[in-house]
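J.: Chains A and B, in that order, are what the protein sequence lines are.
For the first sequence, counting from 1, position 646 maps to 646 in my numbering; every step adds exactly one.
Numbering-wise, my numbering comes out as the position in the second sequence, counting from 1, plus 1000.
These are calculated hints, taken from the structure and not from any lab test.
Quantities reported herein were computed from a predicted structural model and do not represent experimental measurements.
Among the hints, a few may not be true.
Reference excerpt, derived from the structure (chain A facing chain B, CB under 7 Å, subset only) [stated by the list, open to error]:
#	residue
1	13
2	17
3	20
4	23
5	25
6	705
7	706
8	707
Every residue gets a Cβ at the ideal spot worked out from N, C-alpha and C, and that includes glycine.
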Amino acid sequence: MATAERFTGGGVLRKEDPTLLTGQGTFVESITLPGMLHAVFVRSPFGSADIGAIDAEAARAAPGVVAVFTGGDLKDEWAAGLPMAWPVTADIRIPDHWPLTPDVARYAGDAVAVVVAGTRAQAKDAAELVSVDYDERPAVVDVERALEGDAPRVHDALEDNRSYTWTLSNGDVDAAFDKADVVITRRTTQPRLIPNAMEPRAVVVQPVPAAGDFTMWSTTQIPHISRILLALTLGIPESRLRVIAPDVGGGFGSKLNVYAEEAACLALARRLRRPIKWVAERSEDYQATIHGRDQIQQLELAADSEGRILGYRVKLLANMGAYLQLVAPGVPLLGAFLYCGSYGGEAYHFECTGVFTNTTPTDAYRGAGRPEATYAIELAMDALAREIGVDPAEIRRRNFLPTGDMVASPGGLQFDTTDYGPNLERALDLLGYDDVRAEQAARRERGDPRLLGIGISTYVEMCGLAPSQVLGSLNYGAGGWEAATVRLLPTGKVEVVTGTSPHGQGHETSWSQIVADRLGVDFDDVTVLHGDTAIAPHGMNTYGSRSVSVGGVAVHQACGRVVDKGRRLAAHLLEVSPDDLEFEAGRFAVKGVPDRSKTIQEIAFAAWTAHSLPEGEEPGLTADAVFDPPNFTFPFGSHLCVVEVDGETGAVEILRYVAVDDCGNVINPQIVDGQLHGGIAQGIAAALYEEAAYSEEGTLATSSMLNYLVPSAAEFPSFELDRTVTPSNSNPMGVKGIGEAGTIASTPAVMNAVIDALSHLGVTELDLPATPERVWRAIRSAKGGAA
Amino acid sequence: MRISVTVNGERHDGDVEPRTLLVYFLRETLGLTGTNVGCDTSSCGACTVLLDGQSAKSCTVLAVQADGSEVTTVEGLARNGEWHPIQHAFHEHHGLQCGFCTPGMMMAAVGLLSEDPDPDEAGIRLALEGNLCRCTGYQNIVTAILAAGKKMRAAEGEN
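Work out the full structure: start from the sequences and follow the hints.
T.: If you want it as structure tokens, here you go:
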């Protein structure tokens, strides 16, 4: 297409902003309907308990209360349990998961009853009056303990707490280890993290009882997927359920799920024939919304005497929590191919076991499997560098995959386009790496208590989820395509319908840029519709950094079809062959005779009046496209972090953070940088601050924002960003995706920096997060004192 | 209890339960839903408004405590259809993504700039400690506040 790129690459401000900046956004909590009732759930305070008698009489008599239901009362509402869409192995154990548990509470927060009242305050007051006879059982929260023979069982119906074991092998890994000069063995732990999208979850359901229709507004990333699965859970015909994701206040994977409260509100609306609303309080959200990470990783590297890696062996234990949420078993699989990072080698073996515990279920959290993998390999690379006695940058240069197209990775995948060396050098230059190393040496020389450390993370990630065939081979329950419609309206304005479902990513803006350039129309003449199953009939929604490289590409392809049809109509009106026309800047012109032309807006009007169409053409200038990518995309980059550790207190301060990322072609640099800022911050938070903790009895100790530290602006420096551009060959736009890269890259960059700061003291291992206490203990223990 | 509160320049008289928080009075009684609720522990600052000119978390104030006060919410930031400089700056510098924390973040910024018209980056970061954002990593929020402060000082100089 010859159309000049006027909008792609920058120069526009977000279309989403005016609504949000003036308080006119429609978040679910702001939706109020006539006759609406409010639901408040009664949740188990125990990690594990048999549920005895539930006395709801006092609650039923409380002011404003319309109904109280227990799990047993609602049993007949469910045509199926809550869905799990990724049975990763044939013998995976999938326990029953009811929206309200009728018999046993399996984590603190498992819902056992629900109160419905005229106001939220009334429902909350009455929920306090519901008396549940709990018989507490021993709980298990730790994955290793959960696999021991005498561990308490989370599900009585299963013989133990193992859900599945999944393996992946490529090459002869034993042979690689047999000939190794050096073997690095590391055990790392991934703390459990609470996603903390700023908007707590909420649901509103409006029934039309006479028609059997339901409309559900939900704080979801996946309105289309939810519609299908909730229809199955409730036994509502899919065509009778409309799901709307209005303005959604962040997700990070926590809203990539089908939740008990969505099913329950649908059931309550069906039973009570009234609109129902539920809004989570933050502390409730901490228990009732999925958590992320929580894995124990064992990684072994086999290398030659120069530090060139020969083979990888990986063994994971992944905490599933009490039940299997939507894609939880598949989360480790998304990392399974990336424990070899951006590096080469001959052989690879990966094994993961999913384990049940009495904790809030885990599932995809920003990066989903890939931050864990990247953390393990990037820390192991630094360990290998120390073992061989070379600089961490050098060990990476020696092991980078070659530059090229469709480059085979030891994990068995083919990476779309690679060019890792220049990217790292750019980052090292930007930081002034040699100068910082010299400063580090000088400080060590003079015994400065302000210890300087440099961390490197040369990540590659796998996104653009995903080729449907590959998902099928991994036993995922759906495809990975995305759909789009582009309509030229009779007045020449453009309406775009996308199956992606943004919640902060700015799709309205980026998709408008794509369309404005492809059709040669004005950016402001494009309107993007999304997040409503009645408006966008098909969609696979937004997660896994897939939106631009699958959904954006679908928009791009629909535009191509609009231009193709427009060309045929223009040729008919101009009485030339379609081949005689060129399309540029929104105008079909006869080659060599530029004043014989029609604008795309004129063609749109002619297509609508349909007074004179070519033989066999239908009225209207509109096109659909569905893009199913042939491969994942593999963004990469180099993140460098400089920290100063106070040798006396263990406090860590980030002095500089340099990131050079490569996400292929960039539609909107401001949005890409914004995604990186947020992603890097979330990864730093995991490195230094965040960790969800349970007591042995299964109580969530980090129960609110008061004791789970979500960092503020005061905890971060400004990040220094740059990029290289290596277009992907997985799609015609050369785009890759950037939503998760920052989070994937930054946790190991920070931890490598902290360990580097302490390495001359003999510290080589440190657990996440690197809190002052942990760092202080590591220093003390290295110095020979009691840890 | 009977209260009278001036919100965005308009006086509202109303009956509230004594336990009603100011944020729910704004959202549910007055229908001003721009002010969001992000937590139950006064940690996140999404509900920040100006109370008699100073930024305050409206989830920590009872509606009855605001009796006789002047409250400014995000809906009252623009004057005569013209955006406040902080709104322009957040737009130009991409200081928001999902937009949920944004109303509170902007009100906190306006409160800061009224106390200190020329804060440096470190001062802004410290002043925003009570306002959480999970999308932006705060970088463009800080940039936007620096830019808004500059514009407001320039405008002040002209007057």
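J.: Now, for every hint given, state plainly whether the structure supports it.
T.: Cross-check of the supplied hints:
no. : hint : result
1   : 13   : holds, 6 Å
2   : 17   : holds, 5 Å
3   : 20   : holds, 3 Å
4   : 23   : holds, 2 Å
5   : 25   : holds, 6 Å
6   : 705  : holds, 4 Å
7   : 706  : holds, 5 Å
8   : 707  : violated, 9 Å
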